[in-house]
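Since chain B is already given, all that's left is putting chain Y on it; use the hints.
Listed below are the residues making up each chain.
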Amino acid sequence: MNYLLPAAAALALTATSALAQEVVRMGTEGAYPPYNFINDANEVDGYDIDIGNEVCARAELTCEWVTNDWDSIIPNLVSGNYDTIVAGMSITDERDEVIDFSVPYFPADPSAYASMGEVDVASAVIAAQTGTIQASHVAETGATLVEFATPDEAVAAVRNGEVDAVFADKAFLQPIVDEDADLSFLGEDVVLGDGMGIGMRESDAELKEKIDAALTAMKEDGKMAELLAKWFPEVDPNF
Amino acid sequence: MFEFCSDPSALGDLHWMACYLTTGKHIAFYWSFGTVLLLLAVTAPAALAFGFAGAMASRARIAPVRWIGTAYTSMVRGVPDIIFFLFVPIALDQLFEWLRHKTICPDWDQPVRQGNDFVVCAAAKLPQSSAPQWIHESYGFALAVLAFAIVFGAFAANVLSGAMKAVPRAQMETAEAYGMTHGQAFWRIMVPQMWVYALPGLSNLWQILVKATPLLFLLGVEDIVYWARELGGSKTSTFAYPHPDWRIWYFLALLVFYLLLTSVSERVFARLARRLSHGQATAAGEKLRKAAA
Numbered sequence: 001m002n003y004l005l006p007a008a009a010a011l012a013l014t015a016t017s018a019l020a021q022e023v024v025r026m027g028t029e030g031a032y033p034p035y036n037f038i039n040d041a042n043e044v045d046g047y048d049i050d051i052g053n054e055v056c057a058r059a060e061l062t063c064e065w066v067t068n069d070w071d072s073i074i075p076n077l078v079s080g081n082y083d084t085i086v087a088g089m090s091i092t093d094e095r096d097e098v099i100d101f102s103v104p105y106f107p108a109d110p111s112a113y114a115s116m117g118e119v120d121v122a123s124a125v126i127a128a129q130t131g132t133i134q135a136s137h138v139a140e141t142g143a144t145l146v147e148f149a150t151p152d153e154a155v156a157a158v159r160n161g162e163v164d165a166v167f168a169d170k171a172f173l174q175p176i177v178d179e180d181a182d183l184s185f186l187g188e189d190v191v192l193g194d195g196m197g198i199g200m201r202e203s204d205a206e207l208k209e210k211i212d213a214a215l216t217a218m219k220e221d222g223k224m225a226e227l228l229a230k231w232f233p234e235v236d237p238n239f
Numbered sequence: 001m002f003e004f005c006s007d008p009s010a011l012g013d014l015h016w017m018a019c020y021l022t023t024g025k026h027i028a029f030y031w032s033f034g035t036v037l038l039l040l041a042v043t044a045p046a047a048l049a050f051g052f053a054g055a056m057a058s059r060a061r062i063a064p065v066r067w068i069g070t071a072y073t074s075m076v077r078g079v080p081d082i083i084f085f086l087f088v089p090i091a092l093d094q095l096f097e098w099l100r101h102k103t104i105c106p107d108w109d110q111p112v113r114q115g116n117d118f119v120v121c122a123a124a125k126l127p128q129s130s131a132p133q134w135i136h137e138s139y140g141f142a143l144a145v146l147a148f149a150i151v152f153g154a155f156a157a158n159v160l161s162g163a164m165k166a167v168p169r170a171q172m173e174t175a176e177a178y179g180m181t182h183g184q185a186f187w188r189i190m191v192p193q194m195w196v197y198a199l200p201g202l203s204n205l206w207q208i209l210v211k212a213t214p215l216l217f218l219l220g221v222e223d224i225v226y227w228a229r230e231l232g233g234s235k236t237s238t239f240a241y242p243h244p245d246w247r248i249w250y251f252l253a254l255l256v257f258y259l260l261l262t263s264v265s266e267r268v269f270a271r272l273a274r275r276l277s278h279g280q281a282t283a284a285g286e287k288l289r290k291a292a293a
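Protein sequences appear in the order of chains B and Y.
Numbering-wise (the numbering used here), the first sequence opens with residue 1 and increments by one.
Numbering-wise (the numbering used here), the second sequence opens with residue 1 and increments by one.
No wet-lab data here; the hints were simulated from the structure.
One should not assume that every hint holds.
[Claimed, not checked] A few chain Y residues that face chain B, going by a derived Cβ cut-off under 7 Å, partial list only:
{"hint": "1", "residue": "Gln94"}
{"hint": "2", "residue": "Thr181"}
{"hint": "3", "residue": "Thr236"}
{"hint": "4", "residue": "Thr238"}
{"hint": "5", "residue": "Asp245"}
[Unchecked claim] Calculated Cβ distances over 10 Å to all of chain B for the following chain Y residues:
{"hint": "6", "residue": "Phe4"}
{"hint": "7", "residue": "Val42"}
{"hint": "8", "residue": "Ala60"}
{"hint": "9", "residue": "Arg66"}
{"hint": "10", "residue": "Asp81"}
{"hint": "11", "residue": "Ser130"}
{"hint": "12", "residue": "Gln171"}
{"hint": "13", "residue": "Leu199"}
{"hint": "14", "residue": "Gln207"}
{"hint": "15", "residue": "Leu260"}
{"hint": "16", "residue": "Glu266"}
{"hint": "17", "residue": "Arg267"}
{"hint": "18", "residue": "Arg289"}
Just so it is clear, CB atoms sit at the ideal spot from N, CA and C, and this is done for glycine as well.
Next comes chain B alone, as it looks inside the complex:
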């Protein structure tokens, strides 16, 4: 009798672990419109979220969204607090060493400078978000880099004159520049990274397979182009 009890417990545990695998926790930043943001109803919203939900529907996964600070978004993924990063994260070699990326779900989009007047971007003081490809780019150009924790703060720094220009994804800056008469794009766009992908742990090969399959299917049947057109009227939907 005593032997039966642990066996039953083990059985119950395998049952729950089978269930537990179905839930995929999706990590995002929630501060980078229109990629991902918290809408007024306090729900995550944006292109990343639409893509993630569509992937989950197609791969038949139950998904739960979690927001996490950009600074600690990769450490929390590898430590298993959530299973994916869908946060407009560009695929770069440095990141690829630590985590795995899906096929891109957003093209290698140009990054752009925005400022309130003419400045020389090669020698000016430039704001960028900490830990982004834009921040590494500015550091390489010889301009003075000022880093901010959120992209919104980087833009605010231009408005209040703390820095000369902000350097960020053009698709993020576009609505901001459109709606603010004082801000304008400056100089030439710079194409960085290899597009944006869904980040996963390197040990999660099975999940990567499912997500890649769903993303490829979405790209082929036009769902991805539809979502791109919804959130990014300026970006070529058939990348």
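Frame of chain B; chain Y shown alone:
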């Protein structure tokens, strides 16, 4: 919230404001004040307990215990908070999951560390992936309390051990002369008298703790500063309620909140100091004695 809020772009200023201030996001902001107060209410006693244990350990008569106490206070105090909060909760979480992994899944044949990844069996995950979001949030909150208690406990340990040393030696000698054991003298004579010496240091720590809650977002707990920054940031027409940079107003609201909290704490600490000075061989105690006489 209100019925007229269905189309924000068509509203007059007053109605727009009423709708804006009652969005789901703002309600979450209002609740986060409760989160912060709850965190303080739980963390302060926990940190005091850590501090007391640390102070006792650092004056223990058994050398290894003393070493642990000294190592705890000097190491934790020397590490910058932000590094501590990036590292310790993740490390603690992994430790708990690893211990569960060892007991629940003894048959697991893959390594726990695979490159950068930390992989335990699904049943050992804390909390379970399938658990509802509020359990994940409570778990994050508990880790935050623990991390805060460890950090602030180290500072409190130093304050308390200073306070223990400040109790006049003559008091302890008298206790020994009455035949009290070491433990009895400690609990009956030193502990009741040390608080008055510890109070100024502890009240400093409390004020620092009150302002340290923005570190919580590193752990995914959304506190008032996170929300003020998030809500105040300029919003384009992607949002239902677009507005320019309003952070100054949100931060002004936080300023008022923090000043109120400070002023209430000051009053509480003043009363405590008065109570604890009763019958003490200190200037404040002497003053109370004269006033009564």
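Results of checking the hints against the structure:
1. Look at Y/Gln94: its Cβ gets to within about 6 Å of chain B, closer than 7 Å, so that hint holds up.
2. The restraint placing Y/Thr181 at the interface with chain B is violated, with a minimum CB-CB distance near 47 Å, outside the 7 Å limit.
3. Among the interface hints, the one on Y/Thr236 holds; its C-beta lies about 4 Å from the nearest C-beta in chain B, closer than the 7 Å criterion.
4. A cut of 7 Å between beta carbons decides the hint on Y/Thr238: the least distance to chain B is about 5 Å, and the hint holds.
5. This hint holds: Y/Asp245 has a C-beta 5 Å from the nearest C-beta of chain B, less than the 7 Å allowed.
6. Consistency note on Y/Phe4: stated as away from chain B, and its beta-carbon is indeed over 10 Å from all of that chain's, at 15 Å minimum.
7. For Y/Val42, the requirement that its beta carbon stay farther than 10 Å from each beta carbon of chain B is met, with the minimum near 22 Å.
8. Every CB of chain B lies more than 10 Å from the CB of Y/Ala60, the least distance being 35 Å, so the non-interface label holds.
9. The beta carbon of Y/Arg66 is kept farther than 10 Å from every beta carbon of chain B, the shortest such distance being approximately 34 Å.
10. With a closest Cβ-Cβ approach of about 14 Å to chain B, Y/Asp81 is found to remain outside the 10 Å limit, as its non-interface label requires.
11. With a closest Cβ-Cβ approach of about 5 Å to chain B, Y/Ser130 is found to fall inside the 10 Å limit, against its non-interface label.
12. Separation of Y/Gln171 from chain B is adequate, the least Cβ-Cβ distance of about 49 Å exceeding the 10 Å criterion.
13. Every beta carbon of chain B lies more than 10 Å from that of Y/Leu199, the smallest distance being close to 35 Å; the non-interface claim holds.
14. Every CB of chain B lies more than 10 Å from the CB of Y/Gln207, the least distance being 24 Å, so the non-interface label holds.
15. Every C-beta of chain B lies more than 10 Å from that of Y/Leu260, the closest at about 26 Å, which supports listing it as non-interface.
16. Look at Y/Glu266: its CB is around 31 Å from the nearest CB on chain B, clear of 10 Å, so calling it non-interface holds up.
17. Separation of Y/Arg267 from chain B is adequate, the least Cβ-Cβ distance of about 35 Å exceeding the 10 Å criterion.
18. In this structure Y/Arg289 is separated from chain B by more than 10 Å, as the shortest Cβ-Cβ distance comes to about 54 Å.
Hints 2 and 11 from the list above are not met by this structure, while the remaining hints are.
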